[in-house]
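Here's the letter readout for the chains.
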Amino acid sequence: MTKTINLTLKVWRQRNAEDKGGFETYQSNNVSTDMSFLEMLDVVNEQLTLDGKEPIQFDNDCREGICGMCGCVVNGRAHGPQKATTLCQLHMRKFDDGDTIVIEPWRVKAFKLIRDLAVDRSAYDKIIQAGGFVSVNTGQASDASAMPIKQENAELAMDAAACIGCGACAAACPNASAMLFVSAKVSQLALLPQGKPEAAIRAIKMVRTMDLCGFGNCTNERECENACPKEIKITNIARLNREYIKASIGSSVM
Amino acid sequence: MQLEGKVPGGPLETKWDRHRFELKLVNAANKRKFNIIVVGTGLAGSSAAASLAELGYEVSVFCIQDSPRRAHSIAAQGGMNAAKNYTNDGDSIFRLFYDTIKGGDFRAREGNVYRLAQISNNIIDQCVAQGVPFARDYGGLLANRSFGGAQVSRTFYARGQTGQQLLLGAYSALSRQIGIGKVKMYTRREMMDLVLVDGHARGIVVRNLLNGEFETHAADAVVLATGGYGNVFFLSTNATSCNVGAAFRAYRKGALFANPCFTQIHPTCIPVHGDFQSKLTLMSESLRNDGRVWVPRKQGDTRAPNDIPESDRLYYLEEKYPAFGNLVPRDVASRNAKEQCDKGLGVGTGRAVYLDFADAIKRDGKATVEKKYGNLFEMYERIVAEDPYQVPMMIYPASHYTMGGLWVDYNLMSNVPGLFVLGEANFSDHGANRLGASALMQGLGDGYFVIPYTIGGYLSQWYGKPKVKTDNPAFKESLDQVVQRKEKIMALKGKRTVENIHREMGLILWDNCGMARNEAGLTKAKEQIHALRDEFWQNCTVPGSDKDFNLAVEKAGRLADFLEFAEVMVMDALNRNESCGCHLREESQTEEGEALRKDDEYCYVAAWEYAGYGKDPVLNKEPLVFENVKLTQRSYK
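First to last, the sequence lines map onto chains A and B.
Residues 1 to 254 in my numbering are what the first sequence spells out, letter by letter.
Residues 1001 to 1637 in my numbering are what the second sequence spells out, letter by letter.
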């Protein structure tokens, strides 16, 4: 049932990376429980604007859980309390009247803060640029059905490919590691015959770039899996480790 | 203005082949001497940028999001058509061509559409080679499904995330080129203006959204792949940053805007449920394969849906269209939902109809329904907090795609030489209505397999000529205008927010220039938009500084463009006194109240030319000639 609730928000405000930043408190009253979390923030921003104050900056785009642009830490959890749900798909019915909600940006060394809740996730792009692809030029493809792929592998590849690159895995990890993100792409391509020729060099280049970007290492905390809105499994990390070891030992690529 | 579509002559099947032969080539060693700007990184932009860089061109790419992977192509669910005929059910290139032309209600060019059907097969091959995990059957071969009322199974899909997987494929190809330095990627940049030198597109002015600084970039050609303008309605299934800005800024520089009133309203979206709502969510229309659409027969029936007996339910699609029933095309389904709600039979907030799965569950069992639609039911429940297995869904149409866009010729070049427009941003292939699973095909087709050929034909004339650089006075002039406009926007310190005004504009258009229009409503809408534009410049407020990361500044600039664009859209709708494709013009109906197209009067592309701020745009017509198909009226009775 639709009802309205009153909330206290503690929101991280920081003008830029050099600024110290801190929490500001806002009252958000008469919030319809049918609102999404971002719509609730929209309403707060409308009021701030009309009051002559600066609205809270937060990244968002598709608002249907697929573009990966949104994401904050809500009450200590990346994307908030609902499992397998991006922040834009989290609805206010998951909160109770009188709740205090603490909203912070992703806190990851490799994601430099831009402003308030927006961070720079270009490190993820750099990792993909290092090897998250199949080296095929336009026009080089053979017929799509020329290469049958076991259905099970296609499904597993799709599970991994569902990653939206939002950054929640790194934000949830105590080491701020990007292993789940890297492993999802390495797995997807290693599971498919098209990706096999470059499997070794891909694993090595992507992991090296991840390290260079300043992400931490994986110590099997499993927080990433828990936070992932697309339920990417840590078995992908195991697969990445296998690919990485195979690559380091068994090939000339170092 | 004389509009030349430049569709090559000769038989339909060999037009593209011959054209490719006749186009001048840029030899491999010379390609690196040409710079190309690509704006937008959806399917069209990413695939174009990657393919051009692979050929050897120097490419600069710009997007408004933090990463090229975020573009809204990513949200496409259903799938992508290709005429592979893997299912042996009678598909062919000609059938895909015919379905697309007919689906578009005969308002697209034959030559362009046939080419699209031809290259559809190459697109699938390319995507598979990139590692796009398409659905496969037990034998490991690609699976196909029938989609959007098509009578053959030609749609390739990756669960309900086909757009995501295709975009990530194109993004990976683009990333590879960025990694090896052939593409220079600029994220969080918004295109503010197109720069013309001697009448040719030679660069752009962008705003760096991180610090508000303006930058100028020069090139030998500019490719716009900046998507559609569905957010003109405020509420749409588009992402929040989708806007008409880049296309409209090109329009102000002389590029023609074609068929802006052709917008697609998708029938199966989750209804509006409050004033705070920021977007609408689409659910795949495959739901209509098993769901039955109905409203109560009596106005003001407040009983819970399950308490309303069969005799008091109006299954209006099944009654009105016995042959197609709930599977009538998108426009017919959308229009009829609106009609029932206008009659006061809507449910929920009054702007919704039921989509009921009770019979399907009784017939096939819950498990079967869950297997087919589980993810959609889950999505519905997440947003609406009702269980569609127990209670009928509520649905209502929403703005989803725009067929209109910048006018382009067969080479995908606009009337401004050197300005190419791809994907949803152009008008070229879908006529007055786009078939399901064809948007992805067109975006990738334009980017992978058309622009790499046609751009060479344009560039080859510039060998050895002096390069345009950003110190050319045209850049300074453009920059000055952009800065002036920004200052005007930053000076807005009124009482209404950008969102508030945008919402009002959206409602004006939704009520008067949406699924159904008439002259009186459109004329009134034009006045209302005028008034709202004045309201914007007098009473809007823009918070904060333009030197910080401040999304409010962008939103205000985009709204200013939308407010001007809305008028072009309304003018186009006023001019087109026929019912066609997605829209019903109320003055043009059959005796039974169905859409009536007028081929003798309106079989043309309406391409609008900017005439200055506050002045009515000028209409240019490109007649559409059909040599291979016979124009028929659609009937779903």
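Source of the hints: derived by calculation from the structure; they are not laboratory data.
Some hints here could point you the wrong way.
Result set (PhoX-like, lysine-lysine): computed pairs, CA atoms no more than 25 Å apart in a straight line [stated by the list, open to error]:
(1) B:K1015 <-> A:K53
(2) B:K1184 <-> A:K53
(3) A:K126 <-> B:K1366
(4) B:K1495 <-> B:K1469
(5) B:K1102 <-> B:K1015
(6) B:K1547 <-> A:K83
(7) A:K233 <-> A:K246
(8) A:K233 <-> A:K205
(9) B:K1343 <-> A:K53
(10) B:K1182 <-> A:K205
(11) A:K150 <-> A:K196
(12) A:K53 <-> A:K20
(13) B:K1102 <-> B:K1598
(14) A:K10 <-> A:K83
(15) B:K1182 <-> B:K1495
(16) B:K1184 <-> A:K112
(17) A:K53 <-> B:K1488
(18) A:K150 <-> B:K1084
(19) B:K1598 <-> A:K233
Listed next, with one range per pair, are the computed distances between beta-carbon atoms [what the hints assert, rightly or not]:
(20) A:N217 <-> B:E1386: 41 to 47 Å
(21) A:E152 <-> B:D1342: 47 to 53 Å
(22) A:E155 <-> B:K1024: 16 to 22 Å
(23) B:K1495 <-> A:D96: 54 to 60 Å
For glycine and all other residues, C-beta sits at the position ideal for the given N, C-alpha and C.
How the hints compare with the structure:
| no. | hint | in the structure |
| --- | --- | --- |
| 1 | B:K1015 <-> A:K53 | violated, 60 Å |
| 2 | B:K1184 <-> A:K53 | violated, 37 Å |
| 3 | A:K126 <-> B:K1366 | violated, 45 Å |
| 4 | B:K1495 <-> B:K1469 | violated, 43 Å |
| 5 | B:K1102 <-> B:K1015 | holds, 20 Å |
| 6 | B:K1547 <-> A:K83 | violated, 37 Å |
| 7 | A:K233 <-> A:K246 | holds, 21 Å |
| 8 | A:K233 <-> A:K205 | holds, 22 Å |
| 9 | B:K1343 <-> A:K53 | violated, 44 Å |
| 10 | B:K1182 <-> A:K205 | holds, 19 Å |
| 11 | A:K150 <-> A:K196 | holds, 14 Å |
| 12 | A:K53 <-> A:K20 | holds, 19 Å |
| 13 | B:K1102 <-> B:K1598 | holds, 15 Å |
| 14 | A:K10 <-> A:K83 | holds, 22 Å |
| 15 | B:K1182 <-> B:K1495 | violated, 48 Å |
| 16 | B:K1184 <-> A:K112 | holds, 21 Å |
| 17 | A:K53 <-> B:K1488 | holds, 19 Å |
| 18 | A:K150 <-> B:K1084 | holds, 21 Å |
| 19 | B:K1598 <-> A:K233 | violated, 56 Å |
| 20 | A:N217 <-> B:E1386: 41 to 47 Å | holds, 45 Å |
| 21 | A:E152 <-> B:D1342: 47 to 53 Å | holds, 50 Å |
| 22 | A:E155 <-> B:K1024: 16 to 22 Å | violated, 47 Å |
| 23 | B:K1495 <-> A:D96: 54 to 60 Å | violated, 34 Å |
Going through the hint list in order, the structure does not satisfy hints 1, 2, 3, 4, 6, 9, 15, 19, 22 and 23.
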